[in-house]
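Engineer: Each protein sequence line maps, in turn, to chains A and B. Following my numbering, the numbering of the first sequence begins with 1 at its first residue and continues without gaps. Following my numbering, the numbering of the second sequence begins with 1001 at its first residue and continues without gaps.
There's no promise every hint is true.
What the hints assert, rightly or not - To list a few chain A residues with every Cβ distance to chain B over 12 angstroms, as calculated: (1) 62; (2) 76; (3) 145; (4) 167.
Said to hold, decoys possible - Calculated cross-link-like contacts (lysine-lysine; reagent style DSSO-like; alpha-carbon spacing at most 30 angstroms): (5) A/244 to B/1143; (6) A/244 to A/207; (7) A/247 to B/1156; (8) A/296 to A/247; (9) A/326 to A/271; (10) A/296 to A/326; (11) B/1143 to B/1475; (12) A/140 to B/1147; (13) A/284 to A/207; (14) B/1262 to B/1507; (15) A/205 to B/1475; (16) A/326 to A/247; (17) B/1554 to B/1267; (18) A/244 to B/1327; (19) B/1262 to B/1156; (20) A/124 to B/1143; (21) A/244 to A/271; (22) A/140 to B/1143; (23) A/140 to B/1261; (24) A/124 to B/1147; (25) B/1308 to A/247; (26) A/207 to B/1554; (27) A/95 to B/1267; (28) B/1156 to A/124; (29) A/205 to B/1143; (30) A/95 to A/140; (31) A/95 to B/1143; (32) A/271 to A/205; (33) A/124 to B/1475.
Since the hints were derived computationally from the structure, they do not count as laboratory data. On a predicted model such as this, the values are computed, not experimentally measured, just so you know. Heads up, the beta-carbon is just placed ideally off N, CA and C, and yes, glycines get one too.
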Amino acid sequence: MQFTIEVGRYNPEGVYADDAQPGLPFPPPWDKSPVRRYQTYTVDLPEHAVVLDALIAIREYLDPSLAVRCACRSAICGSCGMWINGHANLACKSKLAAFSQGGKTRVESPPSMPLIRDLVCDMKPFWDKHLAVRPWLENKQPTPPADREYRVPNASMEELIQEVSCISCGVCLMDCESFAVDQDFLGPQALAQAYRYAGDPRDDKTKERLGQYSGPGGIWDCTHCFECVQQCPKGVAPLDQILKLRKMAVDAGFTHNPGTRHADAFAESVKHSGRLNELTLMPKSTGLFNIVGQLKTLPSAINMARAGKLPPLIHKSIPGVERIRKIFQRVGGRFK
Amino acid sequence: MVIDHDVIVLGAGLAGMRAALEAARDGANVAIVTKVHPIRSHSSAAQGGINAAIGEGDSWESHAFDTIKGSDYLADQDAVEVMVREAPQDIIEFEHMGVIFYRNEEGRLGTRAFGGASQARTYFVGDITGQALLVTLYDQILKAGVKVYEEWFATKLYMDGGACCGVVALEMVTGELHLLRAKAVIVAAGGMGRLYEPSTNALICTGDGYSLAYRAGAPLMDMAMVQYHPTTLAGSGFLMTEAARGEGAYLLNSLGERFMKKYAPNKMELAARDVTSRAEATEIAEGRGIDGNVLLDLRHLGPEVILKKLPQIHEMALDYLSIDMIKEPVPVRPGMHYEMGGIKTDVEGATVIAGLYAAGEVACVSVHGGNRLGANSLLDTIVFGRRSGRAAAGYAKGTPPNRGGEDVLRAEQERLQQLLARSYTGETCAGLRLELATMMDEKVGLYRSDAGLHQALEALRGFRKRYENVAVGDKGRVFNQALTFVLELGYLLDCGETVIRDAIVRKESRGAHTHVDYPERNDADWLKHTLLTLHRDREEPEVSHVPVTITRWKPEVRTY
């Protein structure tokens, strides 16, 4: 079967094939990477072939100058994370037939990562974030003797297998909406690994971890866009792990941060009136006595008012709000 | 650039990182040189588990006997004893590092059954055991602050006065060649699966370590012992872990029979890998295969066991063959998987060359002999990784730093420049690699014959000539993979030559080496290792032998 692949090429030494087309069809707003050229290849492969098969075929028989990282070919090593038709995916797990749009598939290095060459991006931001969450066990004391394991229930180990299944391919970070606007956000993979250790019954520094992860760039900076859950090739569902960390952090008393205040203001508003009072959400999230913080939000508020996007000043409850309150009663916990 | 360390570890899989961690703990200034990021290393593909005699009713003697019997008595029994006696402590150490091993109902480490073992002694994390160990060890490397030169490709070992004093490596991102000087070098660069097509191995398993050490004069031992795994996925050749059979899966032929009853009536599907692979090949050759495959049937295990304990292979069969193993059997066949032979070392990882150590698949201690048992490879990496790290750090303490080597660096730069300058003659690197690997599978695979092996050696000579004409299809500096592929093909040719020559020499059938002209094991003449040593200024290696160390387990007839 014939497949057509459009590959984003970049060579810092400026050497391109003659037919490579410059430019990016739909440049994303945050793209800071150098200008790529798009080169089209046609390859003959079996119907069930994956994108990586095509890239290997190109590299081996059509154009040996194409740079692409790959090793295991079976979604274990995590080397071949890249943009395929505008979303991050593993090339070895993406069937060409499924991705082919209008007869072709577009493959390029993700614009959110610094580019080295062709499909090879610099993964340094990714590994830096991984390191930043202190991804190692701080042994619960006393450590068992050298011939004895920690005795823990199997369920507590199985609980972590989802995070341990992470192959560090970086696909989640490449497409992370928060990372796109804030390079300091720890990102989905690192936070999933943060939970992997914070949630381990053999770890001794859970509280310190939760304090660290509650800070700027941490668990509260995720916007729940679900891209990481959707794109993760191993079912790690990083967002789920971030939500677990949030619950752990709040339960451990790490509540003096905009994230917790935002969540609290949200819940209080819904409990009170059955819907969200957007007018009070922002000041409450910032902290009512945080005058400097409040002033910083003023320009946004003015812009919103000018554009007619300011929520109504009088906030009305929905009919039957008592029933909503009953739900809160029933669920219990923090907002009872 | 010239960089100095006490110890350089080549490779960042389990053996390499374990060696580096141990050397760092011993106070050595250690660095890892690896051609891929550590997490990309092929150790992550090990699925089933890791063996140790920890449980009650099990003993190191039993583990040793199973390993030695599995090796078809070619393993050195003193080395096996070291490995199995230290296994429990090494596994517990990984548990303390944070590996989320499966637990039994008492919350203690739990096991699964594996091939060739008389007890269920395989400790595991689902079917991602290698990955779970690798990421945990990588995190320990981060914690210890070990320096890692990522995506640095080794082109040569720096030898001075008969000792190994460092590595010359190409920094992929800049294209710059560096000399890394060290008092000791540990080669832990993994296997050579790309020598065979198909193979379960990753594209990065190109025998770099074997070739670098061989060219530096280190003997390679028992290279003919190439393991074919019984269950590799039809088509792609991806690994379907032995843990599937450990959990109770059947092997069926086209008649729906559990054919292993004819070949291994006691152990059935859990016979040693060489035995099971040959049984499958016989079924297929006698017309009871299905398109060149047999069937791996997991249906009776039920969705609970499959999804909880074998999720990765379930997904792989679904992804690459569109087969749901909960509902259908999976077509599998024997496929090249592991090299038992390698750089000859002692139990401290030391080679015959001063300052040169080796560990992991690339080394041959020998604990696997003619056939490795499943779940003994991860064990090999962590036990001998640790021991080689300690030994290298100890050696480095009493060794003065080397101050030379600039000439070696310049000569390597010159050699790579010449390679880049070659013009295209129609010979492609990928084409030649595929021909070589297909030839190896055909003539030096599961079954070998005198005629076939001599044809293979002849073919290899031809490939070597053609290799001289392979041009590098990219002339740039930055991330020039075309250049490293050509270098890797050179490594594979060395591996191929040593595998073929060793196979020609061994006139018997033992373990993975099945010689149709000498179908029996011959202990009188062949209870010995073969060493291939490349001497300077000689094209062909010298062949020599050393006896197998037998301590308490006398060779017996091997049945399962």
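Engineer: Taken at face value, is the distance from the CA of residue 247 of chain A to the CA of residue 296 of chain A at most 30 angstroms?
Structural biologist: 28 angstroms, holds
Engineer: Hint check: residue 244 of chain A vs residue 207 of chain A, CA-CA at most 30 angstroms. Holds or violated?
Structural biologist: 14 angstroms, holds
Engineer: For a C-alpha distance cap of 30 angstroms, please report whether residue 205 of chain A and residue 1143 of chain B respect it.
Structural biologist: Cα-Cα ~15 angstroms, so holds.
Engineer: Could you grab the alpha-carbon distance between residue 124 of chain A and residue 1143 of chain B and see if it respects the 30 angstroms cut-off?
Structural biologist: 17 angstroms, holds
Engineer: Far enough from chain B: is every CB of that chain over 12 angstroms from the CB of residue 76 of chain A?
Structural biologist: Label violated. Min Cβ-Cβ 5 angstroms, cutoff 12 angstroms.
Engineer: Taking C-beta pairs only, is residue 167 of chain A more than 12 angstroms away from all of chain B?
Structural biologist: 7 angstroms, violated
Engineer: Taken at face value, is the distance from the CA of residue 1475 of chain B to the CA of residue 1143 of chain B at most 30 angstroms?
Structural biologist: With Cα atoms ~39 angstroms apart, residue 1143 of chain B and residue 1475 of chain B exceed 30 angstroms; violated.
Engineer: Is the Cα-Cα distance between residue 140 of chain A and residue 1261 of chain B 30 angstroms or less?
Structural biologist: 49 angstroms, violated
Engineer: Quick one, are residue 1156 of chain B and residue 124 of chain A close enough, alpha carbons at most 30 angstroms?
Structural biologist: With a Cα-Cα distance of about 27 angstroms, the restraint between residue 1156 of chain B and residue 124 of chain A holds, given a limit of 30 angstroms.
Engineer: Given the hint that residue 326 of chain A pairs with residue 247 of chain A, test it: the Cα-Cα distance must not exceed 30 angstroms.
Structural biologist: Holds, because 22 angstroms separates the two Cα atoms, which is no more than 30 angstroms.
Engineer: Is residue 244 of chain A close enough to residue 271 of chain A, meaning Cα to Cα at most 30 angstroms?
Structural biologist: 22 angstroms, holds
Engineer: Hinted pair, alpha-carbon criterion (30 angstroms max): residue 207 of chain A, residue 1554 of chain B. Please report holds or violated.
Structural biologist: 57 angstroms, violated
Consistency with the previously given hints fails for numbers 1, 2, 3, 4, 7, 10, 11, 15, 18, 19, 23, 26, 27, 30, 31, 32, ordered from lowest to highest.
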